[in-house]
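Student: In order, the protein sequence lines correspond to chains X and Y. Residue numbers 1 to 157, in our numbering, belong to the letters of the first sequence in order. Residue numbers 1001 to 1148, in our numbering, belong to the letters of the second sequence in order.
One thing to keep in mind: the hints can contain errors.
As the list claims (entries may be wrong) - Covered stretches of chain X (chain Y as the covering partner; in silico rule of three or more C-beta atoms under 8 Å from a C-beta of chain Y):
hint, region
1, 45-52
2, 79-86
Said to hold, decoys possible - Pairs of lysine-lysine, DSSO-like flavour, derived with a Cα cap of 30 Å:
hint, chain 1, residue 1, chain 2, residue 2
3, X, K137, Y, K1076
4, X, K6, Y, K1043
5, Y, K1048, X, K18
6, X, K64, Y, K1043
7, Y, K1043, X, K137
8, Y, K1009, X, K132
9, Y, K1009, X, K155
10, X, K46, X, K122
11, Y, K1043, X, K122
12, X, K157, Y, K1009
13, Y, K1043, X, K108
What the hints contain is simulated information worked out from the structure, not anything from laboratory work. Where is the CB? At the ideal position from N, CA and C, for every residue including glycine.
Letter by letter, the chains look like this.
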Amino acid sequence: MLEKSKQSFNSAVILKDKGEVCYCMSAQCAYYSGLQLAMTLLMTIKGLDAEGLFAWYISDKNNKSTTQSGSKADEGKGNSHAFYIDQLEKAIEQITGSERVAFTVSQKLTSLKGIRVKAAYKEHQVDEDEIKKVISKATLLQESIPAYITQYLNKRK
Amino acid sequence: MSNIQEIIKSHFENLYGVTVLYEYSSLYELHLLKLIPYNSILKDEVFKAIRAVIRECTRNNPDESWYLVEDDDMIKMTCPTFLYWKEEKVVSNHVYVDASYNGRYLPTPGVLIATDNFKNLMSPRKLAKTIDVIEKATLENYEYAFAA
């Protein structure tokens, strides 16, 4: 998944450099590069593969649904991305001991999520200023999340 | 909506000099919060309050995402549906503007509306004149203020 994240990030940069006709797709690749990093960190901590990670999300969702309404949620429905971002924040807080660091990282990914929604589903275009900021945030995630994974692995030794 | 207002109010009612704006953006499919001034997030009590608001709202709706808009952000807040504001010197006049955006902001009559911070958010086309404070605002004098 880490390799896939790098590919997504590289695609985002290449598409940005192609010009404005590719900004929307660049923004989508940038978001997925960050989401894939979040998944990598969670998979590392939980010792899960991608399928196991999704099963964790479904299990958590069903537990919450059972607690709240007494009935099970429909499997597969809902927002796994929001769950991963929420869990990313908790994991980084645990690794770094800093609420602020964890919040900053998860907010960067959340902002990319918002731009991705706009880029994929809305009629609005992504402009040059936005795509520069998108790439900047995605770059920061590429630099920071792997470092937290390393930090986690070093702590575990 | 009123639930979100109450959550923000309960976490910010002991903090002065910070404006909190809220908007649900269908463009980004995000709940947006904005702090004025943004750098008040550097204060621990403000940071903790914002985090508490987001945590509580996320717990209520885990499928939804919350984002704190930065200054000069790529995520834009366009029409905040309400703001929560408390002036440091005006302790007794609790400011709570319930503004529905339908081409214009409608203040709740009888509240104290501020406004150096508020005008920073408003479009200069709408707010061409400095308004310090409008006491016991009514729709009429509010419209006048925007038209001035």
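Student: For each hint, tell me whether it holds in the structure or not.
Tutor: Comparing the hints with the structure gives:
Coverage of the region 45-52 of chain X by chain Y is violated [criterion: at least 3 residues with CB-CB distance below 8 Å; count 0]. Coverage of the region 79-86 of chain X by chain Y holds in this model, with 5 residues showing a Cβ closer than 8 Å to a Cβ of that chain against a need of three. With a CA separation close to 16 Å, the supplied pair K137/X and K1076/Y stays within the 30 Å bound. Distance restraint check for K6/X and K1043/Y: the Cα-Cα separation of roughly 35 Å exceeds the 30 Å cut-off, and the hinted pair is therefore not satisfied.
Distance check on the hinted pair: K1048/Y and K18/X sit about 42 Å apart at the alpha-carbon level, beyond 30 Å; violated. Taking the CA atoms of K64/X and K1043/Y, the gap is about 33 Å. The hint is violated against a cut of 30 Å. Pair hint K1043/Y plus K137/X holds up; C-alpha atoms about 24 Å apart against a cutoff of 30 Å. About 35 Å separates the Cα atoms of K1009/Y and K132/X, which puts this hinted pair outside 30 Å; it is violated.
Restraint check for K1009/Y and K155/X: not satisfied, since their Cα atoms lie roughly 40 Å apart, outside the 30 Å limit. Distance hint between K46/X and K122/X is unfulfilled; the C-alpha atoms sit about 35 Å from each other, more than 30 Å. Distance restraint check for K1043/Y and K122/X: the Cα-Cα separation of roughly 36 Å exceeds the 30 Å cut-off, and the hinted pair is therefore not satisfied. With a C-alpha separation of about 45 Å, the suggested pairing of K157/X with K1009/Y is violated against the 30 Å cut-off.
Using a Cα cut-off of 30 Å, the hinted pair K1043/Y and K108/X holds, with the two alpha carbons roughly 20 Å apart.
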